[in-house]
Amino acid sequence: MSIAIKLRYKDLKVTPEDVARYAGGSHYKPDPKRKRLAEDMLERASALVQPAFVYAAHRMDTLAPEQAGFLFISHYKIDAGTVFMVATVCTIGPQLENETSQLIAQGKALDALFLDAAGVALLEALSDEAHSHLNNEAAKKGLFAGCRFGPGYGDIPVTAQESLLQAVKAEAIGVQLMVSGILFPLKSLSFWVLWSSQSPREGSAYKCQNCTMKNCAYRIARLIR
Numbered sequence: 001m002s003i004a005i006k007l008r009y010k011d012l013k014v015t016p017e018d019v020a021r022y023a024g025g026s027h028y029k030p031d032p033k034r035k036r037l038a039e040d041m042l043e044r045a046s047a048l049v050q051p052a053f054v055y056a057a058h059r060m061d062t063l064a065p066e067q068a069g070f071l072f073i074s075h076y077k078i079d080a081g082t083v084f085m086v087a088t089v090c091t092i093g094p095q096l097e098n099e100t101s102q103l104i105a106q107g108k109a110l111d112a113l114f115l116d117a118a119g120v121a122l123l124e125a126l127s128d129e130a131h132s133h134l135n136n137e138a139a140k141k142g143l144f145a146g147c148r149f150g151p152g153y154g155d156i157p158v159t160a161q162e163s164l165l166q167a168v169k170a171e172a173i174g175v176q177l178m179v180s181g182i183l184f185p186l187k188s189l190s191f192w193v194l195w196s197s198q199s200p201r202e203g204s205a206y207k208c209q210n211c212t213m214k215n216c217a218y219r220i221a222r223l224i225r
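When the letters of the sequence shown are read in order and numbered with the numbering used here, they come out as residues 1 to 225.
Treat the hints as calculated values from the structure; they're not laboratory data.
Small disclaimer: the values here were computed from a predicted structure and weren't measured.
It is possible that some hints are incorrect.
Claimed, not checked - Listed next, with one range per pair, are the computed distances between beta-carbon atoms:
#	residue 1	residue 2	range
1	M178	K140	30 to 38 Å
2	G142	S46	32 to 40 Å
3	D31	G81	47 to 55 Å
4	R8	K108	39 to 47 Å
5	T62	N135	17 to 25 Å
6	A105	D31	22 to 30 Å
7	L110	S26	33 to 41 Å
8	K6	S26	30 to 38 Å
9	R36	S199	17 to 25 Å
10	S199	R44	35 to 43 Å
11	G142	A105	49 to 57 Å
Where a beta carbon is used, it is the ideal one built from N, C-alpha and C, also for glycine.
Put together the whole structure using the sequences plus the hints.
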């Protein structure tokens, strides 16, 4: 069974610094004018986003090997205590993307860049909220939630989207898979989480600390904001 949850803009923890990072990279130092632009675009985004996520938890003992992403899961992610595989899809809706396209058409490229960056930051914050919710749901069952992994994460190909969306009703939050293999609305993402009776291996729950892309332009070096 898929469970859909809608959030509000104020439920997402995003700062102008987050927007600037997605606009120019982790080492970007915006001047006062660009800082105000980041603040303005974040405020503008508040009226455009419709944050929501949907998830479905499947017992491992009911899944066939070819189902729900088994082909894309490295063996190290599964331990003897793994009980559920949870497929999750998040989106902030299409309106921000449409507004960004309009800004580009009006020749306002810088505004478009920062509004798009605000959308990316808000989508990331939404995925954090979704993962936090899954942590809480796992705890209710006496289980532990692992790290997120999915299409585009590490060595998992984007083509894994089809497998993931077979395991959750993404249409419940207005998300669909295009022929190209990309999710629509474009400001959407998906991931799996494993629920296990064993506590996670040592390591940070913060995804940048676990990511193998050490040279990512948007990587955050610090653990917490």
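How the hints compare with the structure:
{"no.": "1", "hint": "M178 x K140: 30 to 38 Å", "in the structure": "holds (35 Å)"}
{"no.": "2", "hint": "G142 x S46: 32 to 40 Å", "in the structure": "holds (38 Å)"}
{"no.": "3", "hint": "D31 x G81: 47 to 55 Å", "in the structure": "holds (51 Å)"}
{"no.": "4", "hint": "R8 x K108: 39 to 47 Å", "in the structure": "violated (27 Å)"}
{"no.": "5", "hint": "T62 x N135: 17 to 25 Å", "in the structure": "holds (22 Å)"}
{"no.": "6", "hint": "A105 x D31: 22 to 30 Å", "in the structure": "holds (27 Å)"}
{"no.": "7", "hint": "L110 x S26: 33 to 41 Å", "in the structure": "violated (19 Å)"}
{"no.": "8", "hint": "K6 x S26: 30 to 38 Å", "in the structure": "holds (31 Å)"}
{"no.": "9", "hint": "R36 x S199: 17 to 25 Å", "in the structure": "violated (44 Å)"}
{"no.": "10", "hint": "S199 x R44: 35 to 43 Å", "in the structure": "holds (42 Å)"}
{"no.": "11", "hint": "G142 x A105: 49 to 57 Å", "in the structure": "holds (53 Å)"}
In terms of the numbered hints stated before, the structure departs from hints 4, 7 and 9, listed from lowest to highest.
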